[in-house]
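K.L.:
Chains as they are written, first to last, in the numbering used here: chain A, 365 to 461; chain B, 43 to 477.
Wrong hints could be hidden among the right ones.
[What the hints assert, rightly or not] Calculated lysine to any residue pairs in the SDA-like style (CA-CA distance at most 25 Å, straight line):
id: 1; chain 1: B; residue 1: K154; chain 2: A; residue 2: S400
id: 2; chain 1: B; residue 1: K275; chain 2: A; residue 2: K391
id: 3; chain 1: A; residue 1: K459; chain 2: B; residue 2: K222
id: 4; chain 1: B; residue 1: K403; chain 2: B; residue 2: A413
id: 5; chain 1: B; residue 1: K409; chain 2: B; residue 2: S431
id: 6; chain 1: A; residue 1: K391; chain 2: B; residue 2: E170
id: 7; chain 1: A; residue 1: K459; chain 2: B; residue 2: D106
id: 8; chain 1: B; residue 1: K222; chain 2: A; residue 2: S400
id: 9; chain 1: A; residue 1: K459; chain 2: B; residue 2: K458
id: 10; chain 1: B; residue 1: K319; chain 2: B; residue 2: A302
id: 11; chain 1: B; residue 1: K222; chain 2: A; residue 2: S397
id: 12; chain 1: B; residue 1: K407; chain 2: B; residue 2: L472
id: 13; chain 1: B; residue 1: K154; chain 2: B; residue 2: D106
FYI, nobody ran anything at the bench for these hints, they're computed from the structure.
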Amino acid sequence: MTTSLVRIEDKLYQNRYLVDAGRPHIKVRQHQSPSSNLLALTLVCPANCYEVNEDGQVEITADGCMECGTCRVLCEESGDIDWSYPRGGFGVLFKFG
Amino acid sequence: MTVEKFDAIVVGAGMSGNAAAYTMASRGLKVLQLERGEYPGSKNVQGAILYANMLETIIPDFRDDAPLERHLVEQRFWVMDDTSHTGMHYRSDDFNEPAPNRYTIIRAQFDKWFSRKVRAAGAIVLCETTATELALDADGKVIGVHTDREGGIIHAEVVVLAEGVNGLLGTRAGFRKVPKPEAVALAVKEMHFLPEEVIAERFGLSGDQGCVIEAAGTISRGMAGLGFLYTNKESISLGIGCLVSDFAATMERPYALLEAFKGHPSIRPLLAGSEIKEYAAHLIPEGGFKAIPQLFGNGWVVVGDAAQLNNAVHREGSNLAMTSGRIAGEAIAMVKSRGRPMTSENLSLYKAMLDKSFVVKDLRKYKDMPALIHTNSRNFFMTYPQLLSQAAQNFVRVDGTPKIEKERATTAAFVKARSRWGLVSDAVRLALAWR
Ligand SMILES: Cc1cc2nc3c(=O)[nH]c(=O)nc-3n(C[C@H](O)[C@H](O)[C@H](O)COP(=O)(O)OP(=O)(O)OC[C@H]3O[C@@H](n4cnc5c(N)ncnc54)[C@H](O)[C@@H]3O)c2cc1C
Ligand code: SF4
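The shape of chain A in the complex, shown without the other chains (with noise of 0.2 Å):
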């Protein structure tokens, strides 16, 4: 678990993002626990982004999002995450893509 966690910190470190500070471009809505999808992203998101927190909820922290969508095509039409693009400039930026 530990060692993938760091793996995925290396790599992320190779590409390039403009955050842009305090105003993430998804949310997950307030839940008392995770559904089953929301659950998977705290493995199947491809940056990390979601995390389970002590009282056993998903939060996430979208600053190395690569803005793939696959949390969105997972938890939007059930409403458990607001999913939008960052502001126009911000987010990754793929030197190669």
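Since chain A is already given, all that's left is putting chain B with the ligands on it; use the hints.
P.N.:
Structure of chain B with the ligands alone, referenced to chain A:
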């Protein structure tokens, strides 16, 4: 303040948006293109193989200055289990032709080039601008877009939604649904840099010749998925993608899958000593013909990945995107030249033209493939690859077992894993879906 009005607004400066904007601007239409990235390409991810023919139709002399990496002379299809690969390789000197058919490209660089052509054709390209919503009049006709810049609605006769697989505008307006998890694959990809001569030596290439590998098997751990390795001039693009529904069901970590693929004994030596410079993730539409949404309406059309125009069987997407963008641009220019309004009825010309093209014909051919792959992923991506490599090993390993016994063991392994009925039914269903 006078309200400026464009003939067309194109949302997105990827393959489809650039094709549409170029086509319309070069026919004299007043075109505004919006792109949320810092520059065109900064948000886009592809393998990437470029199919020359579809770009040639739009920009005949693209070879003069487009950033092309290598022209492909060799294609390898690999079926992998944990320790081996069984393969079919196709290499031909015929591909060393004056105007090669397929190239590897790097999307961020390619899109910048394409965008310069769009500007030169006369379109206005506004980057760092996210379109947030379509603007509709009281009758539900699209009249323009809202953006995250100040200044309210930007008006146009027609809006071309070239917003990619994950587009927001069309879904927010209710023109199409967000793709289902079984209709999109999540791909993760890395860029591995190596000296040009090392790549040439490892793959037996000279000059700007290139080689690509498409791989399936236990690398996707039973999920419906594919791996790829493409040679660029001084780098190797390596990635793996699987259906999002399968990721959610198995809870596999995408980058753990990528790490395992990199570490596979058949792949590792090809990457040895490389420097990784980027990690990227992107969705690929996989729903095929049955997932194509409504393609036009009052004041709008949708093109490329946003319309699920992607051929997952042949791993073609950018050419369908370019072609649908071009055809939409041509249809809009025709409606305009006849002095007609951009109503749903008039814009249906786009769909009529697209239906006649290879885009819809190819997708229709494979219309049953997504469902087959989705419901049988374990057989196709785990069981058969394992059986195939056992059979290959059985065939080549010389250990004193009589050949007749070896053959019987191979047959027995297939029957044991899938039963006779299962084997026949898999073959028939695959043949029907391929037909
Ligand atoms: C890993 C991978 C490998 C692939 N390999 C191949 C391959 O080898 N060959 C091939 O032909 N195809 C391949 N594809 C598919 C191919 O990349 C796509 O089909 C193609 O890029 C689709 O083009 P598009 O213009 O429809 O969308 P995109 O290229 O995604 O462009 C959409 C554009 O719209 C912009 N945008 C989106 N929303 C907004 C908004 N609201 N406001 C402003 N701008 C917006 C985005 O920033 C982006 O620039 C691959 C895809 C992936 C992910
Ligand atoms: S868009 Fe992709 S990278 Fe960003 S949080 Fe969602 S799953 Fe993770």
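K.L.:
Compare the structure with each hint and give your call.
P.N.:
Here is what the structure says about each hint:
For a cut-off of 25 Å, the pair hint linking B/K154 to A/S400 is broken: about 40 Å separates their Cα positions. For the hint linking B/K275 to A/K391, the alpha-carbon distance of about 40 Å lies beyond 25 Å, and the restraint is violated. Taking the CA atoms of A/K459 and B/K222, the gap is near 29 Å; set against the 25 Å cutoff, the hint is violated. Distance restraint check for B/K403 and B/A413: the Cα-Cα separation of roughly 18 Å lies within the 25 Å cut-off, and the hinted pair is therefore satisfied.
Under the criterion of a C-alpha separation no larger than 25 Å, the hint pairing B/K409 with B/S431 is inconsistent with the structure, at around 29 Å. The hinted pair formed by A/K391 and B/E170 meets the criterion: a straight-line CA distance of about 22 Å does not exceed 25 Å. At roughly 23 Å between alpha-carbon atoms, A/K459 and B/D106 fall within 25 Å of each other, so this suggested pair holds. For the given pair, B/K222 sits about 16 Å from A/S400 by alpha-carbon distance, which is consistent with the 25 Å threshold.
Note on A/K459 and B/K458: the hinted pairing is violated, with a Cα-Cα distance of about 49 Å set against a maximum of 25 Å. Our distance criterion of 25 Å between C-alpha atoms is met by B/K319 and B/A302, whose separation comes to about 18 Å. Of the pairs offered as hints, the one joining B/K222 and A/S397 holds, with about 24 Å between alpha carbons and a cut-off of 25 Å not exceeded. Restraint check: the Cα-Cα separation between B/K407 and B/L472 comes to about 13 Å, which is no more than 25 Å; the hinted pair holds.
For the suggested pair B/K154 and B/D106, the alpha carbons sit about 15 Å apart, so the restraint of at most 25 Å is met.
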